[in-house]
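Chains as they are written, first to last, in my numbering: chain A, 1 to 330; chain B, 1 to 220.
What the hints contain is simulated information worked out from the structure, not anything from laboratory work. Just so it is clear, the structure is predicted and the values come from calculations on it, not from any experiment. Where hints are given, some of them may not hold.
[Unchecked claim] Which residues of chain A face chain B? A few of them, derived with a C-beta cut under 8 Å, are:
#, residue
1, S44
2, E77
3, S80
4, T83
5, A84
6, G109
7, K115
8, G193
9, L197
10, P198
11, V200
12, N204
13, K290
14, Y292
[Claimed, not checked] Straight-line C-alpha distance at most 30 Å; calculated DSS-like pairs for lysine-lysine:
#, chain 1, residue 1, chain 2, residue 2
15, B, K104, B, K124
16, B, K149, B, K209
17, A, K147, B, K209
18, B, K104, B, K33
19, B, K175, A, K115
20, B, K149, B, K124
21, B, K124, A, K147
22, A, K119, B, K175
23, A, K241, B, K175
24, B, K149, B, K33
25, A, K98, A, K241
26, B, K33, B, K170
27, B, K33, A, K115
28, B, K33, B, K209
29, B, K164, B, K149
30, A, K115, A, K98
31, A, K123, A, K98
32, A, K241, A, K230
33, B, K33, A, K230
34, A, K147, B, K33
35, B, K209, A, K115
36, A, K147, A, K115
37, A, K290, A, K241
38, A, K147, A, K317
39, A, K147, A, K241
40, B, K170, A, K119
Built from N, CA and C at the ideal position, the CB exists for glycine as well.
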Amino acid sequence: MQRFINNPDEVVEDTVKGFVKAHADIVRLGSNPRVIVARHAPVSGKVGVITGGGSGHEPAFIGYTGRNMLDAVAVGELFSSPTAKSFFDAAREADGGKGVVCLYGNYAGDNMNVKMAIKLAAKEGIEIATVVANDDVCSAGPDERDKRRGVAGEIFMWKCAGAKAAEGAGLADVRAIAQTAIDNCRSIGVGLGPCTLPAVGHPNFSIEPGTMEVGIGHHGEPGVRVEPLKPAAEIAREMVKIVLDDHDLAAGTEVAVLVSGLGATPVNELYILNDTIEQEIAGRGLSIHKTYIGNYFTSLEMVGATLTVMALDAELKRLLDVDVDCPARF
Amino acid sequence: MQHFDNASAGDIVLSVADRIIENRAYLSEIDGKIGDGDHGVNMAKGFGMAAERIRGNDMSLAAAFDTLGTVLMTEIGGSMGPLYGVMFTQFAETIENSSSIDAKTFSTMLTNGLDGIQAIGSAKVGDKTLLDTLVPAIDAFDSANAGGKPFPDALDALVVAAEKGRDGTKDLVAKIGRASRLGERSLGVLDAGATSCALILKALALGAKQKLQLSAAAVR
Chain A
1 MQRFINNPDE VVEDTVKGFV KAHADIVRLG SNPRVIVARH APVSGKVGVI TGGGSGHEPA
61 FIGYTGRNML DAVAVGELFS SPTAKSFFDA AREADGGKGV VCLYGNYAGD NMNVKMAIKL
121 AAKEGIEIAT VVANDDVCSA GPDERDKRRG VAGEIFMWKC AGAKAAEGAG LADVRAIAQT
181 AIDNCRSIGV GLGPCTLPAV GHPNFSIEPG TMEVGIGHHG EPGVRVEPLK PAAEIAREMV
241 KIVLDDHDLA AGTEVAVLVS GLGATPVNEL YILNDTIEQE IAGRGLSIHK TYIGNYFTSL
301 EMVGATLTVM ALDAELKRLL DVDVDCPARF
Chain B
1 MQHFDNASAG DIVLSVADRI IENRAYLSEI DGKIGDGDHG VNMAKGFGMA AERIRGNDMS
61 LAAAFDTLGT VLMTEIGGSM GPLYGVMFTQ FAETIENSSS IDAKTFSTML TNGLDGIQAI
121 GSAKVGDKTL LDTLVPAIDA FDSANAGGKP FPDALDALVV AAEKGRDGTK DLVAKIGRAS
181 RLGERSLGVL DAGATSCALI LKALALGAKQ KLQLSAAAVR
């Protein structure tokens, strides 16, 4: 393995230590060392906004901690849900007396740990409302949306809910806008190469050279099909088609577009994809309000990219445009 | 009625932890075929941490289960942390007020553990999970009891059924968790959770049998 690590069993500890040092102006370590807390949190009278997830997706999840974004984040092992206690401690750090929304992705471990965290919090009088992200189109059919995984659309959900909470909205309203945001998101991943958990030491799946996996998940979950690798323009067209065919959007709808690398894809290739992505989206009569290109939500050193399209209404657009101050650029 | 003392029986949990730690690489290897390959690593980490806290403290079985359940729930995360965490915590709560454990208490304990798992997870028997080991094991234990078999024989029946259930996961398609994304491709491979569950149940049963022998000898 050609990796910058010390001990493969302490990758998360070492990541968190370096992260907190780099961004000490914005974040601090919680009293539970598996919780990252925004310097400003908790804000009395403000709904706390938290998330949590496995590590290895940096800058997600921890990088979105900050002003007008997330108040606290529970940190899990690589690709593995944080503990119930870490979710609970994140809620405790974020609680300003108005309750907490936990906005996380639809994975078996996260679902169970959040469920238990809600019970722990209730004992201390902290109310946790949840929204479970399920924007990954290829992870289940349109009739089984509740089975779909959450991927990069989570960032849009955090952004809109974080801004809404900062305006002073109550728990029900913050939860509702987070739900609307994720309901308006559709995502697709395309994988060109696998990734390796350092403690395991070998790739967690394989993609034959010259092929690509369409619909791949954020941990290498298999996609819907393996195809010969095609020119970027054709891949981009396929990604847009999958995302928008699942998304019944009227012509003239404004959208936000996020193209994220999965870890080992050069950023210039994301721009190559985006050239066709924007052309295709415009070709469908949609208008792009904002485009984000970069490594926003990765999967260790996976080669590949994800596309997320969020349909905007006036409120989502306003909230998306609110300035944030967090370690990840957004 | 055959029974063993709850007090000082915490060493049974140490032998459970030993089996998990011995099988660290094996469990990860199975998991790697259809999952992340970190099952053994995470299980060994949690059971090892719990063993350190139990060892040398002359704990009751209830206290040792509670220690293990709490460590798994608060330190391990993933899916296995809460699932096994809740199971062992339920075991502990069931027996905490029993000075001795007979077959009936043991059965209630197992059933409460299963109920705890089903309250937080959404898997069913046949979904290729640890339930495919646990559910038939409890059924076998209960029917041996109902048939008038002695406690040690019922424990043997539990182990046989657990291992049969584990082996049966080879022929199942994963319906839940990360392996479920593989669909048919998950056929032919053991489920890692079902495998670790069989190890746990076997170590528990052997530990309980040993205690029964000791208490029978003491009575004599």
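Here is what the structure says about each hint:
1. S44: violated, 28 Å
2. E77: Hint on A:E77: holds, closest Cβ of chain B at ~6 Å, below 8 Å.
3. S80: A:S80 check passes; min Cβ-Cβ to chain B is 4 Å, inside 8 Å.
4. T83: holds, 4 Å
5. A84: Hint holds; A:A84 Cβ to chain B Cβ min 6 Å, cut 8 Å.
6. G109: With a minimum Cβ separation of about 4 Å from chain B (threshold 8 Å), the hint on A:G109 holds.
7. K115: holds, 6 Å
8. G193: The hint is violated - A:G193 has no Cβ within 8 Å of chain B, the shortest such distance being about 17 Å.
9. L197: This hint holds: A:L197 lies near chain B, its Cβ roughly 6 Å from the closest one there, short of 8 Å.
10. P198: Not OK, violated: A:P198 not within 8 Å of chain B, min 10 Å.
11. V200: holds, 4 Å
12. N204: Hint on A:N204: holds, closest Cβ of chain B at ~6 Å, below 8 Å.
13. K290: Violated, because the Cβ-Cβ distance from A:K290 to chain B comes to roughly 31 Å (cut-off 8 Å).
14. Y292: violated, 27 Å
15. B:K104 to B:K124: holds, 25 Å
16. B:K149 to B:K209: Holds: B:K149 and B:K209 sit about 14 Å apart, inside 30 Å.
17. A:K147 to B:K209: violated, 43 Å
18. B:K104 to B:K33: Answer violated: B:K104 to B:K33 is near 39 Å, above 30 Å.
19. B:K175 to A:K115: Roughly 21 Å between the alpha carbons, so the hint for B:K175 and A:K115 holds.
20. B:K149 to B:K124: Measuring from Cα to Cα gives roughly 29 Å; hence the hint holds.
21. B:K124 to A:K147: Holds, because 16 Å separates the two Cα atoms, which is no more than 30 Å.
22. A:K119 to B:K175: Roughly 27 Å between the alpha carbons, so the hint for A:K119 and B:K175 holds.
23. A:K241 to B:K175: Measuring from Cα to Cα gives roughly 28 Å; hence the hint holds.
24. B:K149 to B:K33: Judged against 30 Å, a Cα distance of about 39 Å means the pair is violated.
25. A:K98 to A:K241: violated, 41 Å
26. B:K33 to B:K170: Measuring from Cα to Cα gives roughly 12 Å; hence the hint holds.
27. B:K33 to A:K115: Roughly 29 Å separates the two Cα atoms, so the pair holds.
28. B:K33 to B:K209: It is violated: about 34 Å lies between the C-alpha atoms, which goes past 30 Å.
29. B:K164 to B:K149: holds, 20 Å
30. A:K115 to A:K98: Within the cut-off at roughly 19 Å; holds.
31. A:K123 to A:K98: Holds - the C-alpha atoms of A:K98 and A:K123 are around 16 Å apart, at most 30 Å.
32. A:K241 to A:K230: holds, 15 Å
33. B:K33 to A:K230: holds, 29 Å
34. A:K147 to B:K33: Within the cut-off at roughly 23 Å; holds.
35. B:K209 to A:K115: violated, 36 Å
36. A:K147 to A:K115: holds, 17 Å
37. A:K290 to A:K241: holds, 19 Å
38. A:K147 to A:K317: holds, 27 Å
39. A:K147 to A:K241: Answer holds: A:K147 to A:K241 is near 21 Å, not above 30 Å.
40. B:K170 to A:K119: Judged against 30 Å, a Cα distance of about 35 Å means the pair is violated.
This entry does not satisfy hints 1, 8, 10, 13, 14, 17, 18, 24, 25, 28, 35, 40, going by the numbered hints stated previously.
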